[in-house]
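J.: For the protein sequence lines, the chains are R and V, in the order given.
618 is the number of the first residue of the first sequence in the numbering used here; add one for each residue after it.
33 is the number of the first residue of the second sequence in the numbering used here; add one for each residue after it.
Incorrect hints may appear among the rest.
As the list claims (entries may be wrong) - Which bits of chain R does chain V cover? Going by a derived footprint, with three or more residues having C-beta under 8 Å, they are:
#: 1; segment: 831-840
#: 2; segment: 885-892
What the hints assert, rightly or not - List time: in silico DSSO-like cross-link candidates among lysine-lysine, alpha-carbon distance up to 30 Å:
#: 3; chain 1: V; residue 1: Lys195; chain 2: R; residue 2: Lys861
#: 4; chain 1: V; residue 1: Lys175; chain 2: R; residue 2: Lys837
#: 5; chain 1: V; residue 1: Lys149; chain 2: R; residue 2: Lys835
#: 6; chain 1: V; residue 1: Lys219; chain 2: V; residue 2: Lys97
#: 7; chain 1: R; residue 1: Lys861; chain 2: R; residue 2: Lys835
#: 8; chain 1: R; residue 1: Lys974; chain 2: R; residue 2: Lys645
#: 9; chain 1: V; residue 1: Lys149; chain 2: R; residue 2: Lys645
#: 10; chain 1: V; residue 1: Lys149; chain 2: R; residue 2: Lys861
#: 11; chain 1: V; residue 1: Lys93; chain 2: V; residue 2: Lys219
#: 12; chain 1: V; residue 1: Lys257; chain 2: V; residue 2: Lys97
#: 13; chain 1: R; residue 1: Lys645; chain 2: R; residue 2: Lys837
#: 14; chain 1: V; residue 1: Lys149; chain 2: R; residue 2: Lys837
#: 15; chain 1: V; residue 1: Lys164; chain 2: R; residue 2: Lys974
#: 16; chain 1: V; residue 1: Lys164; chain 2: R; residue 2: Lys645
#: 17; chain 1: R; residue 1: Lys837; chain 2: V; residue 2: Lys219
#: 18; chain 1: V; residue 1: Lys257; chain 2: V; residue 2: Lys195
#: 19; chain 1: V; residue 1: Lys195; chain 2: V; residue 2: Lys139
#: 20; chain 1: R; residue 1: Lys835; chain 2: V; residue 2: Lys175
#: 21; chain 1: V; residue 1: Lys164; chain 2: V; residue 2: Lys97
#: 22; chain 1: R; residue 1: Lys645; chain 2: R; residue 2: Lys803
#: 23; chain 1: R; residue 1: Lys835; chain 2: V; residue 2: Lys139
#: 24; chain 1: R; residue 1: Lys645; chain 2: V; residue 2: Lys175
#: 25; chain 1: V; residue 1: Lys175; chain 2: R; residue 2: Lys861
#: 26; chain 1: V; residue 1: Lys222; chain 2: R; residue 2: Lys861
#: 27; chain 1: R; residue 1: Lys645; chain 2: V; residue 2: Lys139
#: 28; chain 1: R; residue 1: Lys861; chain 2: V; residue 2: Lys93
Stated by the list, open to error - Label pairs and their computed distance ranges (CB to CB):
#: 29; chain 1: R; residue 1: Ile813; chain 2: V; residue 2: Asp118; range: 51 to 59 Å
#: 30; chain 1: V; residue 1: Glu151; chain 2: R; residue 2: Tyr832; range: 14 to 22 Å
#: 31; chain 1: R; residue 1: Phe759; chain 2: V; residue 2: Ser263; range: 55 to 63 Å
#: 32; chain 1: V; residue 1: Lys175; chain 2: R; residue 2: Gly755; range: 52 to 60 Å
#: 33; chain 1: V; residue 1: Gly142; chain 2: R; residue 2: Trp821; range: 23 to 31 Å
Since the hints were made in silico from the structure, they are not lab data.
Built from N, CA and C at the ideal position, the CB exists for glycine as well.
Below, each chain spelled out in residue letters.
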Amino acid sequence: MPPDTAQEAGHAAISDVTGIEESTLLQKVLRSQPFWVTIALLAVSLAIGLYQPSFFTANNLGNITRNFAPFGIMALGMTCVIITGGIDLSVGSIMGFVAIVAGLFLTAEYPWWVAFSMGMLAGLACGAFNGFFVAYIGMSPFVVTLGMMSIARSLAVVTSGNQMLYKFGPDAPIVKAIGQARFPPKVADDFWPDWIPAFSSHFWTMVVMALIVGYVFKYKAWGRHLFAIGGNEQAARLTGVDVKFMKFQVYVFSAFCASVASLLILGYSGSAINALGQTYELRVIAATVIGGANLMGGSGTAYGAIVGAALLEVIRNALLMAGIDSNWQGAFVGMIIILAVFIGLQTSGQNVFAQLKNAILPRRDG
Amino acid sequence: MSLLELTGITKSFGAIHALQGVDLEINPGEAVGLMGDNGAGKSTLVKIIAGNYPQTAGVMKVEGKTVHFTRPVDSRRAGIEVVYQDLALADNLTAAENVFLGREVQKGWGPLRTLDKQEMIDRSADLFEELKSETRPRDLVQKMSGGQRQAVAIARTRLSDPKLVLMDEPTAAISVRQVAEVLNLIKRLKETNHAVLLISHRMPDVFEVCDRITVLRRGTKVADKMTVETSPEEITGLITGAIHAA
């Protein structure tokens with residue numbers, strides 16, 4: 618399209634001459650997908666809150682934040698993987714395997730920290746397996762993690778003897794306390810006002826991890842290199858970034874996040890089932906993409922991962938409260954995924970509406 | 033003592049011999065033009081010197097010491113900087129982030145070290161000014177013109193004080209004024225006793241800045257002549273094979 622290129626060339630020249638300054642903070646915010654997802658989150662919350670005042674009760678907010686926290690935690694790991702241009706389909710299965718390993722050690726009456734460590738080790742081993750084959754052998758992340766998704770689920774079923782594990786021995790109360798802890802504690806006659814929800818340990822774990830990941834993305838060389846790999850892997854390698862080791866690390870980190878989420882859920886429910894986390898990988902990827910991570914690599918934020926996970930859960934909760942048949946959830950969630958990425962295209966500078974109009978009603982030449 | 037000395041460099045990819053027994057010597061303060069048709073082995077030679085892959089046979093010496101490069105970082109540590117043909121830039125990062133990619137300036141101590149963004153932005157701005165480029169350190173590379181991208185890639189080589197700068201087609205896709213800037217930079221590098229290996233298709237550029245011209249044809253060196261002793265016509269003949277060797 619010659620007219621377009623001429624226009625672009627003219628535009629570049631003008632900005633060169635006038636020396637337009639770098640985009641301001643406000644412009645950056647307005648152009649970011651997480652910002653618009655946050656707006657959507659607030660809008661949906663407000664709408665459902667007006668329709669069903671019980672949405673804004675401390676109790677419901679406590680529940681919602683606990684429900685999406687495991688997805689938020691896993692979305693943090695998934696964001697790191699997706700920034701490098703990869704994908705991790707095995708997180709749901711790793712959750713199941715981790716829960717069963719920890720559950721088996723608890724059933725055998727080991728102390729809780731031994732059981733949790735062994736569960737964590739099992740999860741990290743799965744991540745290391747993924748990372749090794751993706752980074753050092755150079756296989757496609759989709760294929761390797763698809764394989765691990767099958768392997769970890771199968772291991773969970775086999776090691777559990779296809780039984781639910783719930784007789785957790787002497788440390789059962791500690792395990793439960795970890796999964797069910799709340800802050801503020803909300804006991805009678807305390808100084809916390811009633812409207813503050815008692816946030817779960819899941820939620821606080823997610824907040825702390827998100828802060829750490831956000832900090833690393835912004836202020837550490839590790840984060841910088843992650844984005845460089847997603848932008849141009851070859852360039853990162855040529856400038857001395859250890860691309861293979863970095864890629865290995867992100868798959869281990871993704872598995873770590875899945876293990877943390879798994880152990881929290883294990884503590885909350887007080888039982889371990891081998892089906893834990895089934896199809897969760899898709900919800901985690903959905904949350905990550907809604908939060909603005911690009912499957913082509915090179916972009917994504919910690920905040921986006923959390924807010925994407927939150928939006929999915931709020932929509933689910935809103936539909937339940939509105940009394941809509943739960944089978945409709947999939948349709949809504951699917952639409953949100955497509956809509957969020959559509960808006961993301963729009964905010965990244967492409968005029969999607971013009972393109973859409975052109976595709977549907979092409980302008981006639983001559 | 034020469035800065036870089038290649039003896040009998042051979043590179044085979046399976047049955048294909050990309051380079052066969054190439055000798056090359058570069059001295060401090062010297063600019064050498066490496067010419068040849070597509071497929072003559074120029075890029076292969078550059079990639080070996082830059083540490084992208086090792087040679088099949090032959091010896092490479094930097095300042096008289098035999099070196100074995102297995103990674104690009106090895107070559108950089110030996111004092112060799114490269115401007116790649118595709119510039120090797122990450123589009124999703126800013127100019128300053130690209131300049132310092134892989135050797136970020138950090139502040140703080142131990143595991144709490146963080147990126148010193150302001151320092152990197154300031155130093156990139158100085159480098160761009162030195163290169164007389166209007167590149168702004170905070171701009172995304174994605175939105176830059178060919179010349180600005182070039183400036184980012186060249187600014188990278190100025191971070192350290194390299195002994196040898198390899199430039200793979202640095203003037204291929206930029207404007208006339210920017211070509212003059214790049215050629216000026218090469219002259220300044222020579223004056224400060226740096227060596228330059230310039231790979232280019234543009235005969236006038238090579239004749240303007242290079243002291244010596246080496247011609248590769250089908251993986252072998254067919255000529256190595258002082259610029260003053262040859263002519264564009266002769267070099268063209270050597271590249272195409274019309275003149276067998278000189």
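J.: If a hint holds in the structure, say so; if it doesn't, say that too.
T.: Here is how each hint holds up against the structure:
no.	hint	in the structure
1	831-840	holds (count 3)
2	885-892	violated (count 0)
3	Lys195/V <-> Lys861/R	29 Å, holds
4	Lys175/V <-> Lys837/R	25 Å, holds
5	Lys149/V <-> Lys835/R	10 Å, holds
6	Lys219/V <-> Lys97/V	27 Å, holds
7	Lys861/R <-> Lys835/R	21 Å, holds
8	Lys974/R <-> Lys645/R	26 Å, holds
9	Lys149/V <-> Lys645/R	18 Å, holds
10	Lys149/V <-> Lys861/R	25 Å, holds
11	Lys93/V <-> Lys219/V	25 Å, holds
12	Lys257/V <-> Lys97/V	25 Å, holds
13	Lys645/R <-> Lys837/R	21 Å, holds
14	Lys149/V <-> Lys837/R	10 Å, holds
15	Lys164/V <-> Lys974/R	43 Å, violated
16	Lys164/V <-> Lys645/R	28 Å, holds
17	Lys837/R <-> Lys219/V	37 Å, violated
18	Lys257/V <-> Lys195/V	22 Å, holds
19	Lys195/V <-> Lys139/V	27 Å, holds
20	Lys835/R <-> Lys175/V	21 Å, holds
21	Lys164/V <-> Lys97/V	36 Å, violated
22	Lys645/R <-> Lys803/R	39 Å, violated
23	Lys835/R <-> Lys139/V	14 Å, holds
24	Lys645/R <-> Lys175/V	15 Å, holds
25	Lys175/V <-> Lys861/R	28 Å, holds
26	Lys222/V <-> Lys861/R	37 Å, violated
27	Lys645/R <-> Lys139/V	26 Å, holds
28	Lys861/R <-> Lys93/V	29 Å, holds
29	Ile813/R <-> Asp118/V: 51 to 59 Å	55 Å, holds
30	Glu151/V <-> Tyr832/R: 14 to 22 Å	19 Å, holds
31	Phe759/R <-> Ser263/V: 55 to 63 Å	56 Å, holds
32	Lys175/V <-> Gly755/R: 52 to 60 Å	32 Å, violated
33	Gly142/V <-> Trp821/R: 23 to 31 Å	27 Å, holds
Hints 2, 15, 17, 21, 22, 26, 32 from the earlier list are contradicted by this structure; the remaining hints agree with it.
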